[in-house]
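Asks: In order, the protein sequence lines correspond to chains A and B. Take the first sequence: its letters are residues 1 to 354, numbered as in our numbering. Take the second sequence: its letters are residues 1 to 354, numbered as in our numbering.
Since the hints were derived computationally from the structure, they do not count as laboratory data. It is possible that part of the hints are untrue.
Where chains are identical, the list cannot tell them apart; a pair therefore holds if satisfied intra-copy or between any two copies.
Claimed, not checked - Below, in silico cross-link-like pairs of lysine to aspartate or glutamate (EDC-like), each with a Cα-Cα straight-line distance of 16 Å or less:
#, residue 1, residue 2
1, K155, E286
2, K32, E16
3, K109, E89
4, K109, D50
5, K15, E27
6, K204, E63
7, K181, E63
8, K130, E159
9, K90, D137
10, K285, D274
11, K26, D307
12, K106, E301
13, K65, D178
All of these numbers come straight from a predicted model, not from anything done at the bench.
2 protein chains.
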Amino acid sequence: MRLYNFSAGPSILPKEVMHQAAEAVKELDGSKLSLIEISHRSKAFINIMDEACELALRLTGLEGKGYKAIFLQGGASLQFLMTAYNLLEKKAGYLNTGTWSDKAIKEAKLFGEVIEIASSKDQNYNYIPKDYTISSDLDYLHLTTNNTIFGTQFKTLPETDTPLVADMSSDIFSRAFDYSKFDLFYAGAQKNMGPAGTTLVIIKESLFGRVTRSIPSMLSYEVHASKDSMFNTPPVFAVYTSMLNMRWIESQGGIAALGEKNAVKSTLLYGEIDRNSLFEGFANKEDRSDMNATFNLKNPELTDAFDSICQTAGISGLKGHRSVGGYRASMYNALPIDSVEVLVDCMQLLEKNH
Amino acid sequence: MRLYNFSAGPSILPKEVMHQAAEAVKELDGSKLSLIEISHRSKAFINIMDEACELALRLTGLEGKGYKAIFLQGGASLQFLMTAYNLLEKKAGYLNTGTWSDKAIKEAKLFGEVIEIASSKDQNYNYIPKDYTISSDLDYLHLTTNNTIFGTQFKTLPETDTPLVADMSSDIFSRAFDYSKFDLFYAGAQKNMGPAGTTLVIIKESLFGRVTRSIPSMLSYEVHASKDSMFNTPPVFAVYTSMLNMRWIESQGGIAALGEKNAVKSTLLYGEIDRNSLFEGFANKEDRSDMNATFNLKNPELTDAFDSICQTAGISGLKGHRSVGGYRASMYNALPIDSVEVLVDCMQLLEKNH
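Bound-form chain A, shown alone (with noise of 0.2 Å):
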């Protein structure tokens, strides 16, 4: 039986990328040795993690314009405390849509003032905020482009003229969008890039030297860019493979292309949450986002029967975040569009049963 896996992360990546990882990791391109095997300073791992830097930028159409990719280790965790650590002398804002943008403030706020210049905690997250005030005189102003748990994302950007930070964790390569809006962004590798293991970082060259603090070397942007990823040695199985994802997002007509599948897929399964009667969205409907879809039962008390038809079918990884409760369906860029063709199923099947 074949599994539809709506993990929220690590999650679902093209069933091609991952034979190649495996192959790789046996044998990388007929040169007798493994991947993981070979010294990260052998041209055949610089072209990689070349070609990877090459592909966040192409991908993002920031190539030409002053920005550095750069593959770091530690997930957005640590991006929390490095872009604070790097770029916050007086004070920064941050917009608050759930836990990911609060445990960002947690770390910033040992390097500086912090401005909540919004949050929707008032309703567990379920929206994002659009009316505020952005003071002229922050470092930056941070936000979480989608947020996983409570599936809410930005529809559209803070037009502001104080440097963007965001962390697109669940949503980068995921839709076409001006990514030269920003001047850093960051995704932990694992939802649509790659698995677990790196992180992405996406750096205007102009924002470094921001701070006056003495930087430790490993968490500094600025040495990791100047020695193109390599300062030291790269979490190589998760470089190389997020390298070949990335290639499979180009052959598949790149962010664009699979923004509009992503729409699709999305279109289709809030339908259903709309149109069938035992079930309720839990984010606003105008802040949903394309890559986690959140939703409950109205009745609880039919929880066994569609956890029993969504196992009887195949479904995996479906159960919610234990900050919402019910279910959270992840479509990212590797999920085909027949996965959430079967969940419909299953939403249907249960109706029609009660």
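Following the hints, put chain B in place on chain A, whose structure we already have.
Replies: Relative to chain A, chain B alone:
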């Protein structure tokens, strides 16, 4: 043609470990899902992480002795600053045995006073300092047990009541050792433990809470330990493959049995270096590393001839680090003795030809 991989790191791992890791990237244990597409909060991955931590403590004989094993990201380079961030309140001592110690010292200086207790810089780090006094007012004493670049290795540890902190990146799990002499030791995986992308830290729980400064969550040993290495998404592939490799180490009879094999390999190679009229070792004999043998041609004009012999024989990764030049043969746990025999044959063939 088979290759003999002497790479200094990332480096050779057992064939069966690489094969099993590749299979898991295709499908994990009949789950119909790839290792890299399952949630790190799934039972399957929690079991993997738990087993990895247990194996690390069991192999080092530290089970039930008040230590915690945690798997992090960022390599030894991140540990250079994390050790100081977490432990350096006033003053720390460092033994400087080369590049890696030097980098550790540089990062630690951002957090407090750093005393270089001893250094072998005067002779390009070709020996391990032995006569020095450890003052009694240090927060900790830091050393690098094996120097990958210069090919030196501590054969005995300093006797001191000062908490001992060690970078064991290149000789962890390679020899019988009283690991309880350390209060904290760490190792980037990519030599004797697994693929690049994770770092093992084993820390005495009594070391938590030693400094008054605020520590960002991702840099706090206590935070990671309290969350059993799952504070954030761990590097799934690197932890899994390290777990497989630690299982392999156990199946080989553990660290002591591998230590004996490693001694046989290094004795064979150093014997030839000393016997062969064309070569000379770099490191002082009594401080020679069992992991990384550094040696040079007495007559550099024979370089092309020797390189050609090695290439024909299928030897890979033998080039010395630029700080030393010449050759470096890394003989980690997974390197079979026949690789060393092939190298010795090459050295003898050169001698015969010239």
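Asks: With reference to the structure, classify each hint as holding or not holding.
Replies: Quick rundown of the hints versus the structure:
1. For the homomeric pair K155 and E286, the shortest alpha-carbon distance inside one copy (8 Å) is at most 16 Å, but the shortest distance between copies (66 Å) is not.
2. Taking the closest pair of Cα atoms, K32 and E16 come within 16 Å of each other only across two copies (15 Å); inside a single copy the shortest separation is 21 Å, beyond that limit.
3. In the homo-oligomer, the alpha carbons of K109 and E89 lie at most 16 Å apart inside one protomer (11 Å), although the nearest pairing across protomers, at 21 Å, exceeds that limit.
4. In this assembly of identical chains, the alpha carbons of K109 and D50 never lie at most 16 Å apart, being 35 Å within a copy and 33 Å across copies at closest.
5. For the homomeric pair K15 and E27, the shortest alpha-carbon distance between copies (11 Å) is at most 16 Å, but the shortest distance inside one copy (18 Å) is not.
6. In the homo-oligomer, the alpha carbons of K204 and E63 lie at most 16 Å apart inside one protomer (11 Å), although the nearest pairing across protomers, at 47 Å, exceeds that limit.
7. Taking the shortest Cα distances, K181 and E63 sit within 16 Å of each other inside one copy (14 Å), while across copies they are farther apart (52 Å).
8. Proximity of K130 and E159 under a CA criterion of 16 Å is satisfied intra-copy only: 11 Å inside one chain copy versus 63 Å between copies.
9. Proximity of K90 to D137 under the C-alpha cut-off of 16 Å is restricted to the intra-copy arrangement: shortest distance 9 Å within a copy versus 36 Å between copies.
10. Taking identical chains as interchangeable, the C-alpha atoms of K285 and D274 lie at most 16 Å apart only when both belong to the same chain, with a minimum of 10 Å there against 76 Å between chains.
11. Taking CA atoms no more than 16 Å apart as the test, K26 paired with D307 passes in neither setting, with 38 Å inside one copy and 27 Å between copies.
12. Taking the closest pair of Cα atoms, K106 and E301 never come within 16 Å of each other, the shortest separation being 38 Å inside a single copy and 60 Å across copies.
13. For a Cα distance limit of 16 Å, the shortest separation of K65 from D178 inside one copy, 12 Å, qualifies, whereas the shortest one across copies, 55 Å, does not.
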